[in-house]
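K.L.:
Chain by chain, the residues run as shown.
2 protein chains.
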Amino acid sequence: MGIKVGILGYGNLGKGVECAINQNPDMELAAIFTRRNPESLTPKNKNVSVINIADINNWIDKIDVMILCGGSATDLPGQTPKFAKLFNVIDSFDTHAKIPEHFKNVDLAAKEGNKTAIISVGWDPGMFSLNRMYANAILPNGKDYTFWGKGVSQGHSDAIRRIKGVKDAKQYTIPVETALSKVRNGENPDLTTREKHTRECFVVLEPDADPAVVEHEIKTMPNYFADYDTTVHFISEEELIKKHSKIPHGGFVLRSGKTGWHNENNHIIEYSLKLDSNPEFTSSVLVAYARAAFRLNKEGATGCKTVFDIAPAYLSPKSGEELRAQML
Amino acid sequence: MGIKVGILGYGNLGKGVECAINQNPDMELAAIFTRRNPESLTPKNKNVSVINIADINNWIDKIDVMILCGGSATDLPGQTPKFAKLFNVIDSFDTHAKIPEHFKNVDLAAKEGNKTAIISVGWDPGMFSLNRMYANAILPNGKDYTFWGKGVSQGHSDAIRRIKGVKDAKQYTIPVETALSKVRNGENPDLTTREKHTRECFVVLEPDADPAVVEHEIKTMPNYFADYDTTVHFISEEELIKKHSKIPHGGFVLRSGKTGWHNENNHIIEYSLKLDSNPEFTSSVLVAYARAAFRLNKEGATGCKTVFDIAPAYLSPKSGEELRAQML
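Heads up: the protein sequence lines correspond to chains A and B, in order. Each residue of the first sequence is one higher than the one before, counting from 1 in the working numbering. Each residue of the second sequence is one higher than the one before, counting from 1 in the working numbering.
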């Protein structure tokens with residue numbers, strides 16, 4: 001009998017969680033919960049129950065962990081505290097500035113329900129945070145660098161789509177190779193926004209739009225593009241669908257630090273991800289932490305946790321003996 | 001009042017620990033313990049007590065964590081269980097095949113003394129093991145790769161020094177770039193020993209030695225060199241001292257894994273280290289885990305642990321609130 005997992009929200013992330021559960025023999029998908037009409041969903045898994053969120057209370061005893069697959073802007077701030085009273089929950093809340101507040105709300109709720117909640121799980125926040133933290137603990141005298149990409153930024157793609165005359169668009173964030181090389185060489189550069197990333201945009205225009213006007217509007221857009229070297233390509237809708245429908249992403253977390261009595265030795269710790277599918281990778285991290293939440297709750301740990309609070313062994317289906325013999 | 005740390009053994013690793021403690025304001029070096037005549041040691045820290053190991057029992061109440069800096073072959077199998085009865089201890093035991101046995105011995109001893117022991121701390125085993133484990137938990141359907149170097153292998157350097165006619169030698173293990181590229185490209189290659197690493201040797205000969213004979217003996221040495229493409233350079237003792245006295249090392253841990261309902265998406269997780277000083281980096285990891293051992297023991301956790309069992313936050317001097325606000 002596996003760990004019974006529920007999925008709340010069946011967008012890209014929820015679909016990724018469905019796939020990831022399928023790769024983990026110790027877990028089983030119990031049900032998918034949705035705000036939509038359940039009959040409008042067609043899960044990949046033909047036999048799974050699809051339930052309207054209004055009936056979620058009937059599932060309290062049938063779900064070991066609920067993975068919340070909503071968005072950080074409007075879904076999770078309400079959903080995670082609400083459902084942490086009823087279920088062990090995992091979310092991927094990624095509004096960095098609001099994490100302390102979200103943590104507090106979820107912690108209160110989870111303790112009230114004697115449940116275990118793990119928030120901000122994924123790769124950034126998530127695996128990138130973990131690697132920053134480990135590297136800082138090991139090399140206290142050093143400097144951190146994070147580069148994102150090459151990958152699709154949903155926020156920047158949306159910003160382009162809101163411009164008058166744009167029918168559709170995809171934006172790639174690209175780390176600057178020379179900046180990355182300087183960091184790897186231990187040069188500890190101070191890098192401006194422009195020196196770290198470039199932005200490449202693929203844009204489909206409405207029939208009457210003026211490409212020069214649209215390009216100017218993109219390149220001068222404050223916060224999103226003005227501080228970057230931005231390239232704009234106008235392409236057909238067919239080409240956008242054919243060549244830019246995937247959601248790849250990734251990035252690099254580096255720490256460059258000194259050791260020795262006179263700080264004479266330099267060390268570079270680098271963690272990087274190259275992901276064909278951003279949501280599927282995030283989902284895979286969520287599912288590993290769902291295993292941890294289930295186990296921790298069984299041991300009596302309640303309240304809100306983050307990746308910093310979870311001993312790595314809780315993520316693995318292997319026993320302590322197996323991990324020590326095979327992976328140490 | 002900081003965490004009071006003892007160092008047992010004052011070789012390269014012990015010296016590195018001394019430097020690392022100096023970088024961590026919440027820790028202080030209480031004493032260095034040695035089997036040698038204490039007066040023969042000259043610590044970098046002028047005021048620290050140097051104590052013969054015979055008198056270690058007088059320090060039981062004055063040390064929060066003892067970092068054992070001996071070797072895995074003959075020192076640690078006896079020392080770690082012995083001192084885990086008396087102190088919270090950290091070691092860097094790295095004989096992979098004997099870890100399960102060492103764990104058992106240390107666990108019994110630490111539980112007997114109500115102490116916390118963390119074994120096999122460093123980078124491999126240690127940070128590399130952690131990254132293998134996290135990556136396996138996230139991507140169950142995948143393949144692991146570890147490359148070492150570029151760096152000095154002490155074992156291979158020693159093996160060359162044992163050859164008749166060799167006065168001194170340094171051996172560098174070098175990862176093969178094309179193999180690494182194939183892995184990064186998601187090609188999931190099956191790699192032979194020869195395809196993964198090359199070996200480069202810098203050798204100082206005794207006056208009468210025949211370079212051709214020595215080179216042949218190195219290149220055909222079973223286990224150490226026969227399965228690798230090996231380059232041998234004969235150089236002067238002066239050049240060896242001038243250019244090859246540092247102990248750099250590093251390496252790469254990669255996992256290439258598939259997600260999606262039809263395994264249609266590939267992901268690469270890569271962790272790498274580029275270290276100017278192998279012992280100083282290892283020491284820095286030991287000191288971070290010493291903080292964890294101290295805290296865990298204060299919470300009542302006893303027995304033997306590995307890096308898999310330690311929640312990351314225990315390594316950091318920052319509070320949970322600080323970590324969430326600054327690093328998540």
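Hints were generated in silico from the structure; no laboratory data involved. Hints are not guaranteed to be accurate.
[Unchecked claim] Computed list of lysine-lysine pairs in PhoX-like fashion (alpha-carbon distance at most 25 Å, straight line): (1) B:K143 to A:K111; (2) A:K318 to B:K182; (3) B:K143 to A:K150; (4) A:K182 to B:K182; (5) A:K246 to B:K182.
K.L.:
Now tell me if each hint is right for this structure.
P.N.:
Right, here's what the structure says about each hint:
no. : hint             : verdict
1   : B:K143 to A:K111 : 39 Å, violated
2   : A:K318 to B:K182 : 29 Å, violated
3   : B:K143 to A:K150 : 23 Å, holds
4   : A:K182 to B:K182 : 24 Å, holds
5   : A:K246 to B:K182 : 22 Å, holds
Going through the hint list in order, the structure does not satisfy hints 1 and 2.
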